[in-house]
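Its first residue numbered 1, the first sequence is counted upward by one per residue in the working numbering.
No wet-lab data here; the hints were simulated from the structure.
Accuracy of the hints is not assured; some may be wrong.
[To be verified] Straight-line C-alpha distance at most 20 Å; calculated SDA-like pairs for lysine to any residue:
| hint | residue 1 | residue 2 |
| --- | --- | --- |
| 1 | Lys66 | Ala109 |
| 2 | Lys66 | Thr4 |
| 3 | Lys78 | Asp105 |
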Amino acid sequence: MLPTENRLRRREDFAAAVRRGRRAGRPLLVVHLRRGSPRPDSEGRTDPHAAEGVAPPARAGFVVSKAVGNAVVRNRVKRRLRHLVRDRLDALPPGSLMVIRALPDAGGADHEELARDLDTALQRLLGGPS
RNA sequence: CGAGUCGUGCGGGCGGUCGCGGCGGGGCCCCUUCGGGGAAACCGUCGAGGAACGUCCGGGCUCCACAGGGCAGGGUGGUGGGUAACACCCACCCGGGGUGACCCGCGGGAAAGUGCCACAGAAAACAGACCGCCGGGGGCCUCACCGCCCCCGGUAAGGGUGAAACGGUGGUGUAAGAGACCACCAGCGCCCAGGGUGACCUGGGCGGCUCGGUAAACCCCACCCGGAGCAAGGUCAAAAGGGGCGGCCGUCCCGGAAGGGACGGCGGCCCUGCGCGGAUGUUCGAGGGUGGCCCGCCCGAGUCCGCGGGUGGACCGCACGAGGCCGGUGGCGACAUCGGUCCCAGAUGGAUGACCGCCUCCCGGCGGGCCGCGAGGCCCGCCGGAGACAGAACCCGGCGUACAGCGCGACUCGUCUG
1 MLPTENRLRR REDFAAAVRR GRRAGRPLLV VHLRRGSPRP DSEGRTDPHA AEGVAPPARA
61 GFVVSKAVGN AVVRNRVKRR LRHLVRDRLD ALPPGSLMVI RALPDAGGAD HEELARDLDT
121 ALQRLLGGPS
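With the hints as extra help, turn the sequences into a complete structure.
Structure, rendered in structure tokens:
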């Protein structure tokens with residue numbers, strides 16, 4: 001799973017990633033990625049000591065609507081995605097914000113199918129022209 | 001052995017790799033006003049459900065309110081208990097169903113009043129003459145009786161309709177009949193005796209002879225009910241502001257277009273707070289509370305209008321509780337009480353898991369073996385599939401609903417054997 005410091009925790013972070021980031025859609029999910037910015041102000045709430053030299057970690061959040069399934073299904077999708085993202089966290093630029101939105105078919109997909117779609121989407125966002 | 005009734009337990013297991021959250025330890029290291037603060041490895045420990053669900057009841061807890069009375073509104077509805085409380089639970093009563101174990105009942109009042117009872121049927125709520133039956137009169141036919149038709153009257157025993165036709169059976173009686181009268185039975189009301197805390201039961205007597213259903217229709221009766229909810233509420237920091245909802249313009253991007261998006265700018269409306277100005281008001285009282293309204297009571301110095309101005313968290317509550325397990329005692333039981341023992345999720349874009357293998361269990365296919373005349377049954381191996389319903393968010397007690405499978409224990413009926 002993802003440690004807390006690698007998760008999106010605020011409404012503004014979600015809004016920033018979804019509205020200002022690039023987007024790549026797949027049948028099962030949509031990935032929004034906002035590349036790491038050189039730490040704009042306003043981060044007064046993050047630890048001041050960490051702001052010195054260490055690069056801020058990449059963070060990810062998940063949006064799974066009720067169209068995907070009931071609470072049990074939604075939780076399972078989120079957990080699978082979190083595990084998948086954890087293994088791919090190193091590939092993301094530091095400080096970037098990522099939001100993964102699960103589409104209705106994600107509820108019926110297995111682990112492998114989710115991984116394939118996520119990899120394809122990430123490849124398009126990272127490998128493409130920056 | 002077969003069929004069934006009730007209660008109750010569990011709701012996959014083991015292992016491997018990689019992870020997440022809380023608490024306790026641990027301290028590489030970082031900051032420091034030298035008081036302290038933060039914090040990585042690593043170790044230990046705990047980490048979803050029987051329904052966590054629906055949010056339908058009842059409480060705890062928190063804040064607001066708390067002279068009283070009336071109206072309105074909501075709820076409950078056999079009796080007696082249990083409980084913090086309940087619409088829940090237990091026991092019993094009554095009614096209904098079942099051979100039985102048992103099950104079902106929104107189970108106060110229909111002689112307080114109003115309303116409604118479809119269809120069928122002649123007639124359906126101070127009942128009702130269609131056919132039939134009986135009496136009288138007239139006509140036809142005939143010697144006459146009988147018969148047929150019409151009119152008047154009597155009749156609820158018979159036919160037919162219906163969920164239901166104004167008690168049932170037998171008799172007396174009569175032109176034919178009828179509780180018109182009689183006996184027994186059923187029902188209703190009243191009285192008495194006995195039993196029970198009580199609902200009620202048992203027995204006896206009397207009466208008029210009987211007088212539907214529906215109250216999850218209005219209504220009546222008895223009893224109960226302040227309001228909001230953890231986004232309750234509180235502490236700290238920060239700022240004079242904070243929150244919500246529309247519109248227009250410019251540049252750029254996507255698109256064939258319609259349209260959509262990003263960034264920047266302008267301006268509007270609503271709620272609340274602050275500043276400024278104005279109006280009004282302070283025992284001749286504005287306004288507010290008493291969550292609906294009225295009377296009354298209480299608080300009481302503000303209230304209303306206009307203008308101005310632009311993005312925010314942390315912590316507590318928050319987990320030791322009407323608590324779980326074991327045993328004793330009291331009670332038919334729900335439950336109460338005593339002793340011992342245990343600590344058992346606390347997230348906040350929301351942890352409690354992801355992946356893999358084996359086993360177990362169910363289903364299907366293939367192959368082999370055994371039993372049987374046979375339909376078929378059993379065992380072994382391989383392959384494939386399936387393993388439900390469902391995720392805590394302040395906490396408890398219930399109810400209701402969903403659910404693949406696997407058990408366990410009582411009891412009933414039937415059959416066979418002894």
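### Task
Kindly indicate which numbered hints from before are broken by the structure, ordering the numbers from low to high.
2
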